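Below are the chains, spelled out letter by letter.
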Amino acid sequence: MIRFVLRRLLWAIPTLLLVTFLVYCAIRIGTDPVQSYKRANSRLTAKKIAEFKEINGLYEGFGGYVRGYFQWLKGFLTGDWSKSIFRNGDVWPVLKNALANTLVLGITASTLGIIIGNALGVFAALRPGRLRDTAVNSAALVGLSIPPFVSAIILQLVFAIYWQRWFGGGSLFPTSGVYPPGHSGFDLFLRIKHMVLPVTVVAIQTIAVYSRYMRASLLDVMNSEYLRTARSKGVSERRVLVRHALRNALIPVTTLAFLEVGSIVGGLIITENLFEYPGMGRYFLNAYSSGDFPQLMPWMVIIVASVIVFNLLADIVYAFLDPRIRLD
Amino acid sequence: MIAADELVGITVASVSPRKQAYLRFKEHKAAVGSVFVLTVLVLAVLLTPLTARYGVNEPVIDIKVAKNQFLPPRSEAWFGTDDIGRDIYSRLLYGVRVSLLIGLASAIISVVIGVAVGAIAGLKGGLFDDIMMRVTDIFLAFPILVSLLVMRNVLGAISWMKPIIGELSSVRFLIFLFAIFGWMGVARVVRAQVLSMREREFIEASRAIGAKNGHIIIRHMLPNSVGPILVALSLSVVGAIISESTLSLFGYGPNVGAGSTSLGLLVGGSAKAARAGYWWLVVFPFAALLIITLCISFIGDGLRDATEPKASGGRA
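Line order of the protein sequences matches chains A and B. Numbered according to our numbering, the first sequence spans residues 57 to 384. Numbered according to our numbering, the second sequence spans residues 1491 to 1806.
Rather than coming from a laboratory, the hints here were simulated on the basis of the structure. Treat the hints with caution; some may be incorrect.
What the hints assert, rightly or not - Simulated restraints, written as ranges between beta carbons of each label pair: (1) A:Phe118 to B:Ile1628: 18 to 24 Å; (2) A:Phe242 to B:Val1625: 43 to 49 Å; (3) A:Ser194 to B:Leu1536: 56 to 62 Å; (4) B:Gln1510 to A:Arg284: 29 to 35 Å.
Unchecked claim - Reference listing, derived: stretches of chain A covered by chain B, where coverage requires no fewer than 3 residues with Cβ under 8 Å from a Cβ of chain B: (5) 57 to 66; (6) 119 to 125; (7) 133 to 147.
For clarity, every value in this text was computed on a predicted model and none was experimentally measured. Glycine included, C-beta positions come from ideal geometry on N, C-alpha and C.
Just chain B, with the same shape it has in the complex (with noise of 0.2 Å):
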């Protein structure tokens, strides 16, 4: 049997949607960069019995043997020590471990509970889909802060909800608190991808052969979102990182006991440092949060690019 293309003398290689868009994604030069800083600063960051020369809580020098507070950067210590002489680069890993899992763990919460959402929504419209826009336009006619602030005492005060998210300010507190924020945007995002998709073709033709709602969203709606979804997903990641260090500089940080420390508490500490002078408690930690934040930003500059070769103007 010949082909149809064979038989008129040209050769069409065909190339998947999905290796479109990886070969799309491999042009963004910044993305591809940042996966690979990120990839490092993840494994730095997971290998901390290799990567980090001191322990959490363990001073670079002995205070008996000389002065260890508040050290310049040298050799000892690379980026400088703290008040009661800690290694800061030491302690940098240990708190992007978690906040990373924050920034993480409340985007993924966020993915599930904004597509469910965002997908009955756009599907069924009526009530359910007036409520949830109202509640969302709600949210954002507050400064972040200010609903962050409000919904930790809101969360903090109920009990009965203790034994799910924790106590006030855990680390599973922060998380469930910052979910609450990253789902409605997945879920606008979500809404607006099946209000777009729901009239096409190959829906219709779906539901013409017997498809349910559950069918349809899961099998074609989804699979067609995935780029923005994943961009939802890396703002949301980002969200939630910048989030809990802004808390911390106002101390409602994540209390992570006496074993750890966060990205967040460490750039929450930055405020004072900077009046006392000490250069190095400030630019580190900052220089770490805007590295961790700019490389997601970028990849999911990249994956939108990626994915929907139109929003970039046609240029990609």
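Excised from the complex, chain A in its bound form (with noise of 0.2 Å):
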């Protein structure tokens, strides 16, 4: 088990130095930072130019990318990392608020999905092809195939402008940010009422998701052969369900939390924008239409790192709990 954790480790570290590398190379091709140097200073020296060159590594050719990649490696390990083009800041203050914002959504939706659909998948799985079962999966299915854009855009239509239309007043949920314009300090009250929209959007995907796989994760093992052996014993069907099955369906729905986690930070961006949440999604877009690199890269290596971290702790995780599956 060390020896696997341990291995895969050592094998995160090179995929990470190699998708870091491609994406710098990306994202200098894409936007090209002295470009949006350039906009974002008007009348700039020659000199200057060289200066913003020479701090950021932006040498040309394929060495130069690759020394200007290790230039950049170099200052964003001992945290030194290059400022804003367009704010004229530092990056870190602000990467933190919206990765914070972010989590606090992406969580809060996650673990709502997670248990609603699962309850909804278990439900279903416990009388196959009946009423309910169809109902739950046809809803599943629907859930899934509206992007979030639409259903984010129709709660907005419904619950904030049409619902001060039909019955006066106030919306009843905001539809943008975190606190009404002005707030300042921390209001719990306020700050779920921003939040139920935006969740909304985020657990409709969530719970589509998780009420079908734990349907086919349950029904699969409901046809297992220990189930039987366990009914034959006399166990009680409670018992059989409980301590037997549900037990066993969730080893692979545990795997896919994981997962979902390491997605989470950079997988809210067309909710965070309808919605104007200040997470990493809205911090992405506002530094690609910018065409920031300095604001870009750390976000990118964020996104990258949750994702591979999430991958191996749901290997471990699955190991952890499937003492059928070998790791070597």
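With the hints as a guide, dock the two chains, each given alone in a separate frame, to form the complex.
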């Protein structure tokens, strides 16, 4: 087990280096940092531009890219991050806030989605082929087919805009931000009110995924021989379900949950932007549209690292929960 | 000469696998219904001279006669009008045409590349296989929107590709952009198919009589993978249509010129329209998008059930 983890960790490092190098090249080609610098500051002298290139390691040619990458990497690892081109400030405080906001949204939505989705999946799998099974399964299929922006905009239309017209007063749920404009300090009630709609949008997708996955997983276990053995021993149906079936059915679901957590960090871009939620997704689109290279790179690293780390965790958890899995 | 089954007194009606698949597909009600809906839609979109009520940029009512902006649905404009008085119903017909073209064209390119790469990777294995799998892994590590936006910039910055893929955000450009992501799904499916068939007896038999790899792929493996490939094709059409809408929503949609529009662009305008409370500018484009994507998904689902009866749990 320990050997497996160590080997995977050792593999993760070159993977991370290679991927970040490719991302570095892609972003430098795609959003030319020198051009962005020129757009941000009019009346630049040639000396200023050369200085900017030197500081950020923006050398030309393939060798220059490699050299620039290592210069960037050294700065990144030692905490000496280059400043944002457009805001001309440090990147980390902004990125940290965005990350925290996204984690709050993502973890709330995933927790709700996983609980409700699994409950629905079990509910459906207990009577396969019957009405409740068909209903849950079809609803999940529809939920999966609806892109998040459709549910987001429809929810805004109904609960914010038309709510006012139909019932008077303000809108039921606000459609943007985490607090009303001008608000300062922490307020749990306001915060929850602002998060209802975005959480719903994300949770719809999660519920759809997990209800189908849990249903399939539980049905798989229900047909297994060891359940028949347990029943024939005279174990009560309730105990068969809870002790034998559910525990085994949860193994693949847990793995999926770990993979999902890894993709939360960058996976809420559409929802965040439609609700003007100041998270990682909004951070990315702002940096992307202005071509802000120093802001984009750390974002990318966080995304890749979280996917790699949680993939590894998912493998470890899977092996830990299911003794049939051998790691060598 | 008497056939063997006649000799023992049983007659067995032989049904070809293709016929069996067709019969199974007919059982899938949602898929058959989707084929019908999609056919009607495609006809309506192709026959715009008959079906559309106004031109792309033609106002419903002359602005000098009466106000024509943001009219809710009414007899002159079934789906209402937009900010400069154009008929949403007609614009949807023109827009769906462009978006279906983007979806189909990019999916076909994806399938051609994906089948070639997947088949070679599956059959040859080795370094090529490793590289292909790692490349797709890397793309999968990022949210699709991030990959699309980053690759969009990269493609736009490579000047020598401009004659092939066109200007940034042109329809042709988007087709190639979506194809870059579409082929990976197809390649994985084909690779898995090839791997599962590689050691089967009929392939071994073919190899024993001297068939070359190319022959084996084209004559044996691809005909046996038609089902999964069609499913992958339907997935990449849906993926491209939704991607187009998503990009448009954030202002990176297709640049179709003044005389045209696309479903993505109409969907993309919905976020602003929703805040202003113009529900018809939201509901109708969304409905068109959902009808198209759901129909294609159902057809893909039906095709999978029809060609791989085992995959649906043996119930089909």
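We went through each hint and held it up to the structure:
1. For the hinted restraint 18 to 24 Å between Phe118 of chain A and Ile1628 of chain B, the CB-CB distance of approximately 19 Å keeps it satisfied.
2. Restraint check, Phe242 of chain A to Val1625 of chain B: a C-beta distance of roughly 45 Å satisfies the suggested window 43 to 49 Å.
3. Between Ser194 of chain A and Leu1536 of chain B the beta carbon distance is about 31 Å. The supplied range of 56 to 62 Å is therefore violated.
4. Distance hint for Gln1510 of chain B and Arg284 of chain A: a CB-CB separation of about 33 Å, consistent with the stated range 29 to 35 Å.
5. Chain B is given as covering the segment 57 to 66 of chain A, and this is violated because 0 residues of the stretch bring a CB closer than 8 Å to a CB of that chain, at least three being needed.
6. Given as covered by chain B, the segment 119 to 125 of chain A fails the check, having 0 residues with a CB less than 8 Å from a CB of that chain where 3 are the minimum.
7. Chain B is given as covering the segment 133 to 147 of chain A, and this is violated because 0 residues of the stretch bring a CB closer than 8 Å to a CB of that chain, at least three being needed.
In summary, the structure is inconsistent with hints 3, 5, 6 and 7 from the numbered list given earlier, while agreeing with the others.
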